[in-house]
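Q: If you want the building blocks of each chain, they are given just below.
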Amino acid sequence: MVLLVVGLAIGVATAVALMAITEAMQADVAVKMDEYGANILVVPKANDLALSYGGITVGSAAYDVATLSMPDVERIGTIKNAANISVVAPKLLGAVPLMGRPVLLAGVRFADELRLKRWWRVEQGMEPSEAADALAGARLAQSLAIQPGDEVEVNGRRFRVVGVLAENGSQDDDILFVDLSAAQLALDKPDAVSLVEVAALCTACPVEEMVEQISHVLPQARVTALRQAVTLRMETVGQLGRFAVAVSAVVIAIGALVVLTTMLGAVAERRQEIGLFRALGFRQRHVGRIILTEAALVSAAGGALGYLAGMGAAVTLAPRVANVTARVPWDPVLAAAAVGCALVVGVLASLYPAAQAARVDPTVALRSS
Amino acid sequence: MIELHNVSKVYNSGGAPVVALRNVNLTIAEGEFVALMGPSGSGKSTLLTIIGGMNSPTAGRVIVDGIDVYSLSPERQADFRYEYVGFVFQQLQLLPYLTALENVLLALAIAPTPRTEKIARAYEILAQVGLKGKEHRLPSQLSGGEQGRVAVARALVNRAPILLADEPTGNLDRATGMQVLELLRDLNGAGQTVVMVTHDPQAAACARRVVHILDGQIVGDTVPAPEHALAPAVLPISQPAIEPCSNATERVQ
Chain A
0 MVLLVVGLAI GVATAVALMA ITEAMQADVA VKMDEYGANI LVVPKANDLA
50 LSYGGITVGS AAYDVATLSM PDVERIGTIK NAANISVVAP KLLGAVPLMG
100 RPVLLAGVRF ADELRLKRWW RVEQGMEPSE AADALAGARL AQSLAIQPGD
150 EVEVNGRRFR VVGVLAENGS QDDDILFVDL SAAQLALDKP DAVSLVEVAA
200 LCTACPVEEM VEQISHVLPQ ARVTALRQAV TLRMETVGQL GRFAVAVSAV
250 VIAIGALVVL TTMLGAVAER RQEIGLFRAL GFRQRHVGRI ILTEAALVSA
300 AGGALGYLAG MGAAVTLAPR VANVTARVPW DPVLAAAAVG CALVVGVLAS
350 LYPAAQAARV DPTVALRSS
Chain B
0 MIELHNVSKV YNSGGAPVVA LRNVNLTIAE GEFVALMGPS GSGKSTLLTI
50 IGGMNSPTAG RVIVDGIDVY SLSPERQADF RYEYVGFVFQ QLQLLPYLTA
100 LENVLLALAI APTPRTEKIA RAYEILAQVG LKGKEHRLPS QLSGGEQGRV
150 AVARALVNRA PILLADEPTG NLDRATGMQV LELLRDLNGA GQTVVMVTHD
200 PQAAACARRV VHILDGQIVG DTVPAPEHAL APAVLPISQP AIEPCSNATE
250 RVQ
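Going line by line, the protein sequences match chains A and B.
Numbering that gives the first Met the number 0 applies: residue 0 is where the first sequence begins, and numbers increase by one.
Numbering that gives the first Met the number 0 applies: residue 0 is where the second sequence begins, and numbers increase by one.
No wet-lab data here; the hints were simulated from the structure.
Check each hint, because a few of them may be wrong.
Claimed, not checked - Ranges of calculated distance between the beta carbons of each label pair, as one might list FRET restraints:
#1 B:D214 to A:V5: 26 to 32 Å
#2 A:Q238 to B:L137: 31 to 37 Å
#3 B:T112 to A:R241: 17 to 23 Å
#4 B:D214 to A:V249: 56 to 62 Å
#5 A:I253 to B:V9: 43 to 49 Å
#6 A:Q238 to B:R75: 26 to 32 Å
What the hints assert, rightly or not - Far from chain B by the CB rule (all over 10 Å, computed), these chain A residues:
#7 A26
#8 V86
#9 S169
#10 D187
#11 L275
#12 A308
#13 L350
#14 L365
To be verified - Facing chain A, a subset of chain B residues (Cβ under 8 Å, in silico):
#15 T57
#16 S70
#17 P73
#18 E74
#19 Q89
Predicted, not measured: the structure shown is a model, and the values here were computed from it.
Positions of the beta carbon are idealized from the N, C-alpha and C atoms, including for glycine.
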């Protein structure tokens with residue numbers, strides 16, 4: 000019986016650990032998706048492709064371009080699903096001459112930008128804190144030999160480069176980032192915004208609906224959801240979840256076999272005792288009930304132990320093996336499922352041994368052991 | 000009370016039929032103490048299990064208290080065993096992990112009686128067989144004779160009218176075996192029907208009637224006298240004389 004509890008506990012522990020780690024991974028992906036970058040882009044409707052940022056086209060002055068303004072940015076915060084919005088990061092882009100070279104200038108709200116772009120690392124210097132502070136992309140700083148503390152002049156306005164971003168392989172490496180208001184003045188586009196990146200708390204939010212809501216409040220803008228990367232990650236985790244279910248099913252099947260063989264062994268070992276019960280007048284169903292009750296108790300114990308062991312393993316292993324940073328949740332539903340599943344498997348797998356026990360001949364009790 | 004009509008039993012041993020009983024006719028009245036005696040393999044234990052409703056005969060009928068036992072369904076046969084038969088096994092078959100009280104209670108496990116009443120009855124029967132104060136001991140903490148008494152108590156606790164005992168002294172030394180036999184005799188004196196299987200003439204001498212079995216057939220039906228126990232004469236069932244069957248010093252209260 001001890002073997003049975005251990006066998007079931009191992010089976011349940013494996014299933015619970017897999018399920019819990021997968022659940023934690025899903026939560027982890029959700030957290031990372033919320034943390035990582037924008038998933039909605041708002042750009043003016045335009046016919047020209049003169050300027051681009053991150054592969055997203057923004058308008059050029061050459062054509063009839065609907066522009067975005069600061070009040071438009073405020074309007075994004077008024078949509079029905081505003082509660083799902085975590086960051087709104089407006090930007091103004093413009094080409095400016097810097098030290099005799101054309102350079103892409105990006106006006107941003109640093110507080111929002113740094114929240115949005117968690118992968119940004121200020122390699123040298125520090126994060127900007129004042130209106131005249133600037134951050135230089137790595138390649139830009141290198142090509143123009145800009146160091147933290149240097150002052151640069153853009154269209155007659157002076158900026159102090161307080162930090163240089165670590166190279167990250169994106170277009171950010173070639174851009175000079177300054178405060179949005181300062182950029183609007185330097186580019187002589189007061190109140191203008193080239194594009195807005197929006198980060199929505201995504202796993203539970205209706206991104207498509209939010210896109211529609213923003214389009215509704217900003218009819219002059221083109222609003223796009225960036226779902227592909229997210230969907231891909233969710234699919235990967237989904238596949239992992241299905242894999243966990245499949246492995247759990249195999250483990251549970253093995254557990255059922257362990258129960259079956261152990262209970263058959265126990266019935267064979269206890270034939271004399273069972274024969275005694277039968278000789279004492281126990282009906283077949285009484286004997287069957289005794290075996291099934293024992294199986295139920297042992298299975299429930301195995302399930303409970305297995306849940307604790309599985310959760311212990313998940314809590315310990317999730318951060319190391321699966322690289323999950325999210326906390327593995329103690330899920331009462333999973334606990335109930337583990338005990339319930341062990342109980343059902345234990346009792347079902349004991350039906351045949353119970354039937355065998357019920358058929359034990361009472362005269363067995365007379366035989367010498 | 001117990002009637003066997005032309006009872007035969009054939010076992011199948013590896014494809015070959017083995018006749019254990021052939022055309023046995025036997026009547027045991029209420030309140031009798033019968034020893035079924037014969038050598039090993041004579042069919043006496045088979046006869047006991049057939050009387051006890053746990054081994055259906057190949058042919059013939061077994062009527063107990065007017066009930067044709069083997070016309071009952073298997074589940075009703077179980078009920079019959081519970082209601083009519085108390086069994087004392089050769090190996091006693093006490094469960095080693097249960098106390099004397101719990102072993103006795105086992106025989107009442109399926110009774111629709113309130114638990115407190117069952118416990119009271121188990122205490123009462125253990126006191127009756129002389130085990131007062133030892134109810135909570137495990138079998139391993141009891142002597143062989145005391146274990147035998149627990150087995151008898153378990154057989155009696157459901158107040159079954161028939162007590163069947165299969166070699167009740169088989170595993171006991173002579174003195175403790177005699178204690179168990181004295182107990183059976185005392186119970187019989189109080190009106191309990193007892194049927195006992197034994198191959199030991201001295202044990203058989205404790206019974207009031209000895210049925211001799213050889214090769215599956217009844218070859219003698221005697222009233223034992225201790226001095227004649229080894230040389231039985233075939234006698235009709237007559238008034239059995241109650242003789243002390245041993246010099247066992249410890250009498251059951």
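Q: Take the hints in turn and mark each one as holding or not.
A: Hint-by-hint comparison with the structure:
1. Roughly 53 Å separates the CB atoms of D214 (chain B) and V5 (chain A), a value that falls outside the hinted 26 to 32 Å.
2. Between Q238 (chain A) and L137 (chain B), the C-beta spacing of about 57 Å breaks the proposed range 31 to 37 Å.
3. For the pair T112 (chain B) and R241 (chain A), the beta carbons lie near 55 Å from each other, so the given range of 17 to 23 Å is not met.
4. Between D214 (chain B) and V249 (chain A), the C-beta spacing of about 59 Å keeps the proposed range 56 to 62 Å intact.
5. Range check, I253 (chain A) to V9 (chain B): about 45 Å between beta-carbon atoms, so the 43 to 49 Å window is met.
6. Between Q238 (chain A) and R75 (chain B), the C-beta spacing of about 58 Å breaks the proposed range 26 to 32 Å.
7. Listed as a non-interface residue, A26 (chain A) keeps its Cβ farther than 10 Å from every Cβ of chain B; the least gap is roughly 48 Å.
8. With a least CB separation of 67 Å from chain B, V86 (chain A) remains clear of the 10 Å interface cut-off, as annotated.
9. With a least CB separation of 73 Å from chain B, S169 (chain A) remains clear of the 10 Å interface cut-off, as annotated.
10. Listed as outside the interface, D187 (chain A) is consistent with that label: its C-beta sits roughly 94 Å from the nearest C-beta of chain B, beyond the 10 Å cut-off.
11. With 10 Å as the threshold on Cβ separation, the claim that L275 (chain A) sits away from chain B is violated: the shortest Cβ distance comes to roughly 5 Å.
12. With a minimum CB-CB distance of about 28 Å to chain B, A308 (chain A) clears the 10 Å threshold, and the non-interface call stands.
13. Under the 10 Å C-beta cut-off, the non-interface status given to L350 (chain A) relative to chain B holds; the minimum distance is some 19 Å.
14. Distance to chain B contradicts L365 (chain A) as a non-interface residue, since its nearest Cβ pair spans about 6 Å, not more than 10 Å.
15. Hint status for T57 (chain B): violated, given a least beta-carbon distance of 14 Å to chain A, over 8 Å.
16. Here the hint on S70 (chain B) is broken, as its CB sits about 17 Å from the closest CB of chain A, past 8 Å.
17. Given the 8 Å rule on beta carbons, the hint for P73 (chain B) holds: about 7 Å separates it from the nearest Cβ of chain A.
18. Look at E74 (chain B): its Cβ gets to within about 5 Å of chain A, closer than 8 Å, so that hint holds up.
19. The beta carbon of Q89 (chain B) is positioned within 8 Å of a beta carbon in chain A (closest approach about 7 Å), and the interface hint is therefore held.
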